[in-house]
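From first to last, the protein sequence lines are chains C and Y.
Heads up: the first sequence runs through residues 1 to 251, numbered per our numbering.
Heads up: the second sequence runs through residues 252 to 465, numbered per our numbering.
In short, the hints are calculated from the structure, not lab data.
It is possible that part of the hints are untrue.
As the list claims (entries may be wrong) - Here are some of the chain Y residues that sit facing chain C, going by a computed Cβ distance under 10 angstroms: (1) Asn316; (2) Val330; (3) Arg404; (4) Gly408; (5) Thr460.
In this text, all values refer to a predicted model and were calculated from it rather than measured experimentally.
Glycine included, every Cβ here is placed at the ideal spot set by N, Cα and C.
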Amino acid sequence: MEKRTDKNWYTLLFATGMVIVVGSLLAFIASSLKPKINENKRIEKQQNILYAMGVHENEGKGSVAFVEASKVADEFSKYVKKQLVITGDLDIVEDNDAYLIDIKKEQTKAKAGEKRRLPLFIGEKDGKTYYVAPIRGKGLWDAIWAYVAMDENMIVQGAYFDHQAETAGLGANIKQRFFMDDFIGEQLLDDNGIFKGITVSKSNSDPTNKIKNDNEVDAIAGATITGDGVSAMIKSDLRLYQPYFENLKTN
Amino acid sequence: MGLLSSKDSKLISDPLSDDNPITIQVLGICSALAITAELKASIVMAISVIFVMGAGNVVISLIRNIIPSKIRIIVQLTVVAALVIIVDQVLKAYSYSLSKELGAFIGLIITNCIIMGRFEAFALANGAWRSFLDGIGNALGYGLILIIVGFFRELLGSGTLLGFPVLGDPIEKTGLYSIGYENNGFMLLAPMALIVVGLIIWVQRYRNTDLIED
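Start from the sequences and build out the full structure, keeping to the hints where you can.
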């Protein structure tokens, strides 16, 4: 005799029941944890912006150490003086929630021919002004993004890179200090003031990155596609900020 | 062992040596290639798999008599996927920095064939407690190999262990590098993980000739 669990009606019933049970369980967990997860993401954004402009707890040559999550709100309001949103022909407005702008959505908007909103965070630390811009691009497996702090000549003052799912030990190393710190002091413009970006190069024969005006940093071995993604997102996204800096100088 | 009967304790100890999931059962090779370029990633993956494997085996074992055999693979997949999503969400909410570290690995657990393999081979035919022990045992055996492979790949490929430069600084030429030693970039690439696993298999069969199949 056929077992009950082999019957078609039982299989269907079981499948339906399982989908309902597992589906509602996951939906319940996801929606009850959502506020907490979003809060964590918000804090992380503030930590990243502060990190790019040099507000962090790094020690020596060690690993990345952000400002503690409990202190981040205070430090953020202390160091970040202004948050701007730039649209179209330098239409600049202040917006204290500009750091929450979703760069991915803005990039999709720009592709659809709409105007893209560009957030820019102006920070001050030890009498120096930092202009921090968020950028986003594609790595090997998934999204990569960064916060780049520049001075008024578009010379990089600090950067924080992050990724969704790059390969551990290879592409994932873009968020390690040995890679990110190389960007400090690099120019985004060439010597004639034309935007050139910074290329992650496998052949710049400058592994210790002593030459700062070559628009190149040393690549990570085994992370070619991720490195190319970093170069590409710097070129495409930071270029959009150049008019702002030109305007800054003429005024 | 006082806590476990000798039959039960074999469920834990066998996968660590003579019935290792990677080197003997040849399961879970894909993740062993993907994530062992760093020791830390290996350890983290091992811990995550121990959790999912233990819990998954128990769940499957508890519902083993009511699973329709025609769709049992789909049921198993659903159980793993649900567990993995729960782990992912809870980590994101309560330990955000850790979840950033784990990132891609959590999703990778779903595709780990050890988990499906043990569901099929053990949990579907055994009680919850024994399935739990089997799950933990196999995950430990898997983790052990992962950590061995990760140790050699990070040491020889990057000259570091857990991120600490144990061999000196390759750029400033200190430590071992001052006498002409170079990191082997090959070790960071996935194929070298296969070769390291192959060497482990060789050593294991050399030490215990019973394992050699003709």
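Mind checking the CB of Asn316 of chain Y against every CB in chain C and telling me if the closest is under 10 angstroms? OK, holds: Asn316 of chain Y within 10 angstroms of chain C, min 8 angstroms.
Against chain C, is Arg404 of chain Y within 10 angstroms by beta-carbon distance? holds, 8 angstroms
Using the nearest Cβ pair, does Gly408 of chain Y come within less than 10 angstroms of chain C? With Cβ-Cβ at 8 angstroms, under 10 angstroms, it holds.
Restraint satisfaction for Val330 of chain Y [CB to CB of chain C, less than 10 angstroms]: With a minimum Cβ separation of about 8 angstroms from chain C (threshold 10 angstroms), the hint on Val330 of chain Y holds.
Restraint outcome when Thr460 of chain Y is required to lie within 10 angstroms of chain C by C-beta distance: The hint is violated - Thr460 of chain Y has no Cβ within 10 angstroms of chain C, the shortest such distance being about 35 angstroms.
Consistency with the previously given hints fails for number 5 only.
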